[in-house]
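S.K.: Residues per chain are reported as follows:
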Amino acid sequence: MNLANVMDEIAGRLSTIEGLRVFAWPVGTLTPPGAVVGYPADGQYDETYGRGADSMTIPVVIVVGRVSERASRDLLAAYVDGSGARSIKTVLETGTYTTFDTIRVQWPDFDVYTVAGTDYLSVVFDVSVFGKGSS
Amino acid sequence: MTFKHSKDTYVSIDDVDISAFTDSSEIGRKIDTSDVTTYGKASHVYSTGLMDGTGKISGTYDDSEAGPRATLTELLAAGEAVTFIRRPEGTGAGLPQDSVSVFVTSYTETNAVADMIKWSVDLQFSGDVDTTAQAG
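Chains as they are written, first to last, in this note's numbering: chain A, 1 to 135; chain B, 1001 to 1136.
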């Protein structure tokens, strides 16, 4: 698996969510609501013999509005939902990919993402991918 | 003498290379023993008999035509002896290899909800193990 291609494919799939600004790499600033595909938190070469398979866990950060706004909570709920047009889990896990074989989105951590001195409500999804090691 | 990592291990069964779907393999060899202790001994005395052996392979499921499910369930159903080859240090001239005729005696798939689908097989050796190193 090529890391850049994996990040591009995840970002491409996220881009199908209406109204979500998506970046395939960590950017210095963004205007919410936005999604940032980060670098792997962990991974594993040699999941099988002979360079058969590798795995990695990619963080996907979703930033919505200001922490104190109710609209932020409602928008975030749609992204965290286990189903629906804005569900990060559903959208990513129903995608078709060529750079890896399987993808699984795990329950996110809730956080505050500071952009230009303003705190925004955010969540970080751990996205696990598993694919070919040497092809 | 150097330590060797398992990541380059090669396994094939019935001429199908399943290494890319395998993350663990083991072979066990043993020899029968008979107790021939007689009166007057302070300890047991044994005599050896026939060699025997078993193997186990496991890994991650793949749905391809040469994947573990397609390959191994067919061998289990056929119930025929096939050749199992294991190269513990990988493929290369002079590197060790075990080759033996085996029966696939079980195939197991495990589907844990938070993990990849896993598989495993048990092998019963039938006949001698050929431990000749790989040819050039």
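Hints were generated in silico from the structure; no laboratory data involved.
Where hints are given, some of them may not hold.
[Said to hold, decoys possible] Once the Cα atoms are required to be at most 25 angstroms apart in a straight line, the calculated BS3-like pairs of lysine-lysine come out as:
#: 1; chain 1: B; residue 1: Lys1056; chain 2: B; residue 2: Lys1007
#: 2; chain 1: B; residue 1: Lys1007; chain 2: B; residue 2: Lys1118
#: 3; chain 1: B; residue 1: Lys1007; chain 2: A; residue 2: Lys132
#: 4; chain 1: B; residue 1: Lys1041; chain 2: A; residue 2: Lys132
#: 5; chain 1: B; residue 1: Lys1030; chain 2: B; residue 2: Lys1056
#: 6; chain 1: B; residue 1: Lys1056; chain 2: B; residue 2: Lys1118
#: 7; chain 1: B; residue 1: Lys1056; chain 2: B; residue 2: Lys1004
#: 8; chain 1: A; residue 1: Lys132; chain 2: B; residue 2: Lys1030
#: 9; chain 1: A; residue 1: Lys132; chain 2: B; residue 2: Lys1004
#: 10; chain 1: B; residue 1: Lys1004; chain 2: B; residue 2: Lys1030
S.K.: Could you run down the list of hints and mark each one as holding or not?
M.R.: Here is what the structure says about each hint:
1. B:Lys1056 - B:Lys1007: holds, 16 angstroms
2. B:Lys1007 - B:Lys1118: With a Cα-Cα distance of about 18 angstroms, the restraint between Lys1007 of chain B and Lys1118 of chain B holds, given a limit of 25 angstroms.
3. B:Lys1007 - A:Lys132: Between Lys1007 of chain B and Lys132 of chain A the Cα gap is close to 14 angstroms, so the pair holds against 25 angstroms.
4. B:Lys1041 - A:Lys132: violated, 61 angstroms
5. B:Lys1030 - B:Lys1056: holds, 15 angstroms
6. B:Lys1056 - B:Lys1118: The hint holds at about 14 angstroms.
7. B:Lys1056 - B:Lys1004: holds, 20 angstroms
8. A:Lys132 - B:Lys1030: violated, 37 angstroms
9. A:Lys132 - B:Lys1004: holds, 23 angstroms
10. B:Lys1004 - B:Lys1030: holds, 24 angstroms
The structure fails to meet hints 4, 8 from the earlier list, while all remaining hints are met.
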